[in-house]
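Let the sequences and hints guide you as you build the complete structure.
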Amino acid sequence: MRSTYLFLALMIACGSLFAQKKTTTSATVSFDASTPIDALPKADNQTVIAALDTKTGDVQFEATVKNFTFSNPNIQNHFNGERRMNSDKYPKFTFKGKINDMKKVDFSKNGTYEVTVTGDLTVKDTSKTITVPATLVVKDGVINASSTFTIVLADFGVAADGNKVRKEPEIKVLAEFK
Amino acid sequence: MENKKPKALKRRLLLAAVVLGLAGLGYAWYILSATYDDTSNVKADFNVEATAFIQEFVKDRAAANEKYMEKIISVAGIADDISSPNDSLVTIRFSDSGSGSYAIFSFQENNMEAAKKVQQGEKVTIKGSCSGGNYSEILDLTSIEFKRCIIE
Chain E
1 MRSTYLFLAL
11 MIACGSLFAQ
21 KKTTTSATVS
31 FDASTPIDAL
41 PKADNQTVIA
51 ALDTKTGDVQ
61 FEATVKNFTF
71 SNPNIQNHFN
81 GERRMNSDKY
91 PKFTFKGKIN
101 DMKKVDFSKN
111 GTYEVTVTGD
121 LTVKDTSKTI
131 TVPATLVVKD
141 GVINASSTFT
151 IVLADFGVAA
161 DGNKVRKEPE
171 IKVLAEFK
Chain P
1 MENKKPKALK
11 RRLLLAAVVL
21 GLAGLGYAWY
31 ILSATYDDTS
41 NVKADFNVEA
51 TAFIQEFVKD
61 RAAANEKYME
71 KIISVAGIAD
81 DISSPNDSLV
91 TIRFSDSGSG
101 SYAIFSFQEN
111 NMEAAKKVQQ
121 GEKVTIKGSC
131 SGGNYSEILD
141 LTSIEFKRCI
151 IE
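As you go down the protein sequences, you meet chains E and P in turn.
Residue numbers for the first sequence follow our numbering, so the first one is 1 and each next one is one higher.
Residue numbers for the second sequence follow our numbering, so the first one is 1 and each next one is one higher.
Just so you know, the hints here were simulated from the structure itself, not pulled from any lab data.
Don't take each hint at face value.
Claimed, not checked - The list that follows gives simulated cross-link-like pairs (lysine-lysine, BS3-like), each with its CA atoms no further than 30 angstroms apart: (1) P:K117 x E:K178; (2) P:K123 x E:K22; (3) P:K71 x E:K172; (4) P:K116 x E:K178; (5) E:K96 x P:K59; (6) P:K43 x E:K42.
Pasting the structure below:
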């Protein structure tokens with residue numbers, strides 16, 4: 001009986017040591033759609049769920065639209081409204097993709113790895129395949145992933161009329177996987 | 001005598017344009033200068049205990065979203081995870097041990113330092129604006145997210 005418990009304990013310990021799918025509930029996604037005449041359309045969401053599979057290179061993100069935080073309540077209402085993100089109907093942004101150059105990355109070794117990630121970004125039920133640059137910093141088993149890129153709002157059916165909102169906002173993603 | 005009427009009309013039109021212009025500027029100022037009240041100064045719509053609150057979402061997410069979405073809620077619970085990957089970010093999480101579902105809080109800038117002092121396992125009360133609960137495909141559970149939070 002004692003050997004059975006020991007075996008089970010060893011199995012659990014080995015499972016967590018070699019776990020391939022790392023997750024976080026505190027990734028940050030920020031976007032900046034500000035223009036020279038309107039500095040307000042920018043926000044961040046610090047409670048994004050993310051996953052990274054260190055064996056396959058699979059990457060996933062889920063961001064709750066309503067948790068993007070603006071400094072101005074009117075701009076927040078515009079962002080969530082029907083003409084923009086329509087967050088009552090489409091509550092999440094998602095990304096499902098893969099690291100393209102996994103051979104460059106050794107998650108068991110401290111270092112900084114520049115990679116690209118290709119996957120489907122879904123906004124308002126519209127998916128578009130994007131390829132973005134990303135930096136992975138591995139230090140003592142902790143992986144810090146970051147990426148900065150732009151998207152075209154019109155590709156996702158998001159209205160950006162006039163010159164108060166940038167039509168191609170900058171998106172920044174930060175995730176720490178322990 | 002004949003020229004007086006057009007002049008009076010012009011004056012009225014000019015006055016109307018000035019009034020409309022000022023009203024437009026006032027409205028634009030109102031829209032652009034608005035800010036959120038500090039959550040510390042806002043009365044909570046609900047005072048809840050974390051596990052029971054999370055369970056409401058697990059049992060009926062649509063009803064719980066209808067009840068709590070965009071409301072100011074004060075939640076008392078045990079901090080099971082504090083994440084602060086850099087100086088300008090901190091989140092605190094309360095989890096329901098049964099379902100694994102959780103409520104997670106991101107903080108007002110003036111409350112970051114207070115949030116960073118919270119220890120794992122500590123009982124705290126956090127007040128903030130509820131962004132609702134969603135099912136996570138990645139984690140196979142319900143996450144309930146809050147913004148503009150403060151430690152009470």
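Unmet hints by their number, sorted upward, for this structure: none
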